[in-house]
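Here the protein sequences line up with chains L and P, keeping their order. Numbered as in the numbering used here, the first sequence ends at 137 without a single skipped number. Numbered as in the numbering used here, the second sequence ends at 536 without a single skipped number.
The set of hints was computed from the structure by calculation and includes no laboratory data. One should not assume that every hint holds.
To be verified - Some, not all, of what chain P presents toward chain L, calculated at C-beta under 8 Å:
1. Q451
2. E474
3. Q525
4. P529
5. T534
In this text, a Cβ means the ideal position worked out from N, Cα and C, and glycines have one as well.
One-letter residues, chain by chain:
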Amino acid sequence: QQQVKQSPQSLIVQKGGISIINCAYENTAFDYFPWYQQFPGKGPALLIAIRPDVSEKKEGRFTISFNKSAKQFSLHIMDSQPGDSATYFCAARSGGYNKLIFGAGTRLAVHP
Amino acid sequence: GAVVSQHPSWVICKSGTSVKIECRSLDFQATTMFWYRQFPKQSLMLMATSNEGSKATYEQGVEKDKFLINHASLTLSTLTVTSAHPEDSSFYICSARNPPDTQYFGPGTRLTVL
């Protein structure tokens with residue numbers, strides 16, 4: 026019940042295309058859902074985050090869609106660029122514990 | 423976003439020695455910091471939650487006597503890997519919570535134990 030399931034494991038997108046990464050969870054106590062971007066040899070960087078009282082949040086080319094009833098959320102990267110090539114992690118937090126539960130990660134490659 | 427630093431960025435040590443890794447929140451006070459371990463091409467594995475002024479809370483399966491955590495101030499947490507062995511070689515990453523929600527991660531420390 027503490028798991029966050031992330032898919033796909035890897036994704037190849039052409040430059041200018043839309044990258045979509047999906048996550049699902051079971052624990053209804055989760056109250057905060059961030060997405061992180063990680064480049065090789067670096068720490069994860071916060072991209073965008075959402076709370077379950079909002080169905081969508083957009084920041085630049087990055088959009089989170091959140092479906093509370095389905096317990097799913099997704100990251101959309103519009104106009105994907107080669108510089109977006111990285112590993113993306115979704116996560117969920119149970120408010121009472123503060124700690125984040127991470128998905129397995131998605132390795133995104135954007136081809137020119 | 424807020425800045426979290428780690429030192430050193432990489433360290434090589436001999437088996438049996440101890441290694442200390444520092445994590446600092448540079449522009450905010452963090453009552454809670456977290457330590458993660460990451461193996462190549464894998465996700466982040468939470469090792470422990472560090473609260474300023476109190477004992478760390480370790481995740482199941484993490485040896486608290488091997489991975490000593492100290493959170494002596496609102497901007498500094500340290501992880502000491504005691505009697506390191508080759509199987510402890512990994513990428514160690516800390517994060518600091520900027521209330522109420524956001525966790526900012528450090529750049530990570532690559533530990534290689536020979």
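Query raised in the report: Where does the structure disagree with the numbered hints, that is, which hint numbers, in rising order?
Result: Of the numbered hints given earlier, those the structure breaks are 1, 2, 5, listed in rising order.
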